[in-house]
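Peer 1: The task is simple: from the sequences and hints, build the whole structure.
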Amino acid sequence: MLIAILAIAALAVVMGVLLGYSALRFRVEGDPVADQIEAVLPQTQCAQCGYPGCRPYAEAVAKDDEAINKCVPGGEAVMLALADLLGRDPGEAGGIVEKPKCVAVIDDNECIGCTLCLQACPVDAIMGAAKQLHGIIASECTGCELCLKPCPVECIHMRPIETTVRTWKWPFPASQPARPTETLPQAKAA
Amino acid sequence: MTGVVVSSPHSARVNRVDGVMLQVILALIPGILAMTWLFGWGLLINMALAVTFAVAAEALVLRLRGRPALPVLSDLSAVVTAMLLAIAIPPILPWWLTLIGVLFAIVVVKQLYGGLGYNPFNPAMAAYVFLLISWPVAMTTWLPPHMLADQALSFMDSLRAIFLGVAPGGNWDAVTAATPLGEMRNQLGQNRMIEEIRQSPLWGDFGGRGWEWVGNWFLLGGLYLLWKRIITWHIPVAFIAGLLVIAGMFWALDPQTHPFPAFHLFSGGAILGAFFIATDPVTACTTKKGQLIFGAAIGALVFVIRTWGGYPDAVAFAVLLMNIAAPTIDYYTQPRVYGHPGAGK
Amino acid sequence: MQATQPRFKSRQLWQFHGGIHVPDQKAVSNAGKVQPTPCPKILILPLQQHIGAPANPVVKVGDRVLKGQVIAEPRGYVCAPVHASSSGTVIAIEDRPVPHPSGLSAPCVVIETDGQEAWVDLPEPLTDYESLDPAVLRERIRACGVVGMGGASFPTSVKLNPGKDHQIHTLVVNGAECEPYITCDDLLMRERSGDVLQGIRILLHLLGARQCLIGIEDNKPEAIESMRLARAESDIRDRVEIVVIPTLYPSGGEKQLIKVLTGREVPSHGIPAQIGVVCQNVGTTAAVADAVLRGRPLIERYVTVTGRGVAKPCNLNVRVGTPAADLIAQCGGLRRNLRKLVCGGPMMGFEIDNQAIPITKAANCLLALTPAESPDPGPALPCIRCGRCADACPASLLPQQLYWYARAKDLDRVQDYNLFDCIECGCCAHVCPSHIPLVQYYRYAKTESWAREQEKKKADHAKARHAAKLERQERQERERQAKLRSRKEAAKEKPATQGQAAHVVDDPKKAAIEAARQRAAAKKAALAEEGVIPKNTEDLAAAQQQQVAAAQARRRAAGLREPEAKAGPEARDTDQTHQPPQTKATGPKAETASEEQA
Chain R
1 MLIAILAIAA LAVVMGVLLG YSALRFRVEG DPVADQIEAV LPQTQCAQCG YPGCRPYAEA
61 VAKDDEAINK CVPGGEAVML ALADLLGRDP GEAGGIVEKP KCVAVIDDNE CIGCTLCLQA
121 CPVDAIMGAA KQLHGIIASE CTGCELCLKP CPVECIHMRP IETTVRTWKW PFPASQPARP
181 TETLPQAKAA
Chain G
1 MTGVVVSSPH SARVNRVDGV MLQVILALIP GILAMTWLFG WGLLINMALA VTFAVAAEAL
61 VLRLRGRPAL PVLSDLSAVV TAMLLAIAIP PILPWWLTLI GVLFAIVVVK QLYGGLGYNP
121 FNPAMAAYVF LLISWPVAMT TWLPPHMLAD QALSFMDSLR AIFLGVAPGG NWDAVTAATP
181 LGEMRNQLGQ NRMIEEIRQS PLWGDFGGRG WEWVGNWFLL GGLYLLWKRI ITWHIPVAFI
241 AGLLVIAGMF WALDPQTHPF PAFHLFSGGA ILGAFFIATD PVTACTTKKG QLIFGAAIGA
301 LVFVIRTWGG YPDAVAFAVL LMNIAAPTID YYTQPRVYGH PGAGK
Chain S
1 MQATQPRFKS RQLWQFHGGI HVPDQKAVSN AGKVQPTPCP KILILPLQQH IGAPANPVVK
61 VGDRVLKGQV IAEPRGYVCA PVHASSSGTV IAIEDRPVPH PSGLSAPCVV IETDGQEAWV
121 DLPEPLTDYE SLDPAVLRER IRACGVVGMG GASFPTSVKL NPGKDHQIHT LVVNGAECEP
181 YITCDDLLMR ERSGDVLQGI RILLHLLGAR QCLIGIEDNK PEAIESMRLA RAESDIRDRV
241 EIVVIPTLYP SGGEKQLIKV LTGREVPSHG IPAQIGVVCQ NVGTTAAVAD AVLRGRPLIE
301 RYVTVTGRGV AKPCNLNVRV GTPAADLIAQ CGGLRRNLRK LVCGGPMMGF EIDNQAIPIT
361 KAANCLLALT PAESPDPGPA LPCIRCGRCA DACPASLLPQ QLYWYARAKD LDRVQDYNLF
421 DCIECGCCAH VCPSHIPLVQ YYRYAKTESW AREQEKKKAD HAKARHAAKL ERQERQERER
481 QAKLRSRKEA AKEKPATQGQ AAHVVDDPKK AAIEAARQRA AAKKAALAEE GVIPKNTEDL
541 AAAQQQQVAA AQARRRAAGL REPEAKAGPE ARDTDQTHQP PQTKATGPKA ETASEEQA
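Chains as they are written, first to last, in my numbering: chain R, 1 to 190; chain G, 1 to 345; chain S, 1 to 598.
Hints in this document: simulated from the structure, not taken from any laboratory. Any given hint might turn out to be false.
Heads up, simulated DSSO-like pairs for lysine-lysine below, C-alpha to C-alpha not over 27 angstroms straight-line [claimed, not checked]:
id, chain 1, residue 1, chain 2, residue 2
1, R, K70, S, K456
2, S, K409, S, K457
3, R, K101, S, K458
4, R, K169, R, K99
5, R, K101, R, K149
6, S, K457, R, K169
7, S, K456, R, K63
8, R, K169, S, K446
9, S, K312, S, K26
Computed from a predicted structure; not experimentally measured.
Peer 2: Structure, rendered in structure tokens:
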């Protein structure tokens, strides 16, 4: 009996020493997990997750075990990718409302050239200067919506990006059967 | 675009799950008839019980899962599971043991894992093993084939045996007998030589008398399945080859302590296993090379467990063991994709 | 594997893995000859009828165009021009529904025909092409808008330019037409075998290939006979071989046909040119002959209208751009028991809703299916892991694994199982007992993967821009601090030079404004010396002045002060002097605005 106790105690001491040494010897500086998480995020810097940018959210997920379904532009894809990366449960996809991708558009007739939106844009996608008409560079706009609030005349609105033949995606197969058999294709004249 | 976008192909599908299951049921019929002729009504009664219990159990579980029951039940997979289990159990097994077995197979092994297609283990075999190790006496109480029986069981006798547990004439020992595999084990355990053992009237041409014909009739069913392309040749041939090769090796080394290889093939559930159980698509390997390895390993394991293991028949254990290995075997036997470097061009 | 008919010269054939035997349904439409079509009232010509970038229109609404006239020029290398299929007037250049599984619209040139079929002056025939540089021939093929007519519509001139690295020894001509119901290539080989041989002759010269193998499935005996006769009369008969291959779907797939005829496999993610082979459809080959020998652009093609859902199935010679409704009408209209209308074949085609869509260069079939021909597969059952899909796959993939991971939306694992080697032939879904829509899962996975790649690129780009913005802000902050420091030091050294300087020391913000104003004034003066008047707010048109006045009015209404300086990043720093809006803006916004400015 005594031998058993001594043996287990000795094992525990040996393991503890090994672990402690490893913790010191193989310590990793910085936070590689946060970097990996940030690489997955869509970089819109929109703050819709509640954090002021993608990097702070990544660090929160890495350090504070923040929920991984908070990224709105990333949607389900990002949530699944984070779940895969971190080995966590994907959580409810229902928490994420998949919004269609949008770009911001400034109404030319309302813009007063105040430059407030210019400063708000995290990717400098708004061109213009004080007292000059502001314009959004559509190809650079990430749809983060940070410019909507600062505008004093509410002249910015979001316009969904239209799907074209080139950007259309096949839908995930539905579980219900295909068209009902009784509908005939309608002959729509040009 | 109005309606749901549906992709090609727009052709008529040529296969159906219930069609596949129906062919399997048809292929089992010759073997069932043979067993009924040899062992009496017990098998048919058990089969009717098992099928009823299985369908009811599946309907109940689907209800609990909130899924529509009819589409799932109509794919006939529960019926096939029940029939295979009924064939594997002794013909006079009490009805409540059949019920427990079926419940285990359908509810635990199949539905709790997600239903058809998601179970890692063969439900009929897992249930058989569960019953075998929990109620070993009842599960090893077999009847002799009618040509060897002193007293064959009538229909009423079988009903009474199954539902009331009453032995005809009050004495189970008078009616029951060991299976050829069980008998062979016992005799070899008593250090008898094969020559000697085979003198007994229990033995037929290459297996137990009567019992060997069960194997033949199931073989007919298996060939039917091959012809109809319900199964491919890979698993049955590999199983038989695996079993015969290793049995042959040991028989060649010592013919007096190891029976002739054909004995192994035509005893117990070997033929049934080769064509109906190991070929269960859900739990077997899917790649062709994988299927060969899978079948051969089961065949070899059957011999090993029969010869040195704790139970007389080994098909169920062998199948379950290889079910565990099936995904790994699939992973390592992926075919070379067109255009990728590898063997040949 | 030996050829099955002993009559034909036996030649070694290889087999590809899998494939399925499907009832070929050729008899529905392969009797009779190809019917001509009347000139349709309108022609709808999509600007993109090929793989690559859409072409640029070179006509305007109201222009009169002639038959064969170029109406859209190619943009970039992988592109093809579009020609008018008949004479008439351009009535619109706008988005119209096009043949695409999405049913969406794309830019098209719409021509109202005048019925005269007046031809444009065609380029001269290059009958003496053997003395010409292949580049000249390729240019002619490109200028005539020839694209792959077997369905892929890859610009032919690009395909025929494999580059110096690839030595082409074999031209494979694809006359297999393995998909059920479609018979347009069959009829083309029967009726225009001479043109096909002419095209082969041109292509052999162009590619410098040794031999040509024409693969035809053995369910087309008339076509085989016709091609044999044409070959016997041709002077290249020693280099051309007609190879009869067993009927098996999808032996007409480019990769599969090359394997059957040559025994070699096209490398994954590669092109046949890498193994010295170029494959062309018979229709494309005939179009090449038209382009080179007759200067005719690709403006018409054979289309099969078939299926038991149409009254009179047949093959038609159709002008590109003809609305599908016209073809259906010519074939007697659709029957009442129609279940679906498909553009293409039953295995790889897509369903269409709208009969106004035009026939493009790649559209080879309109298929009207009855419920008996295309029954509803019903809801998908769970996968029973039977492996029939893997047995049938001509690319030796594991469709089951692709299915599991595509269903789980695990796109990385799907690609590990070689998703992009899938040719979407439909064999797997055809044999699946559970009726799982396998091909749709793979198409979903492919398009989703591409979309994610694009989004990743956008995300990386946005990240870089964001980093650049932060860097810019830091830099401006540093410069501002540096300027303040230097100004402070300058003020210390010269304590009482100018009243303005002392004033400036007190208020660093005002100093910056002052400095900017001085710079602007200096700039203006300098420009004035050169005689240039800055265009910003002087010299405006009346309308512009009105707009400026309106903007200023709005600005005042919003309660903002006039900004002090003009363009430049420095100006944005001085925006800190703006007072937050007091009147028009609502409370929370004002707070947010001031937070933004802080």
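Peer 1: Now tell me, hint by hint, if it's right for this structure.
Peer 2: Verification of the supplied hints:
no.: 1; hint: R/K70 with S/K456; verdict: holds (18 angstroms)
no.: 2; hint: S/K409 with S/K457; verdict: holds (20 angstroms)
no.: 3; hint: R/K101 with S/K458; verdict: holds (13 angstroms)
no.: 4; hint: R/K169 with R/K99; verdict: holds (16 angstroms)
no.: 5; hint: R/K101 with R/K149; verdict: holds (19 angstroms)
no.: 6; hint: S/K457 with R/K169; verdict: holds (18 angstroms)
no.: 7; hint: S/K456 with R/K63; verdict: holds (24 angstroms)
no.: 8; hint: R/K169 with S/K446; verdict: holds (9 angstroms)
no.: 9; hint: S/K312 with S/K26; verdict: holds (14 angstroms)
Every hint, counting from the list given before, is met by this structure.
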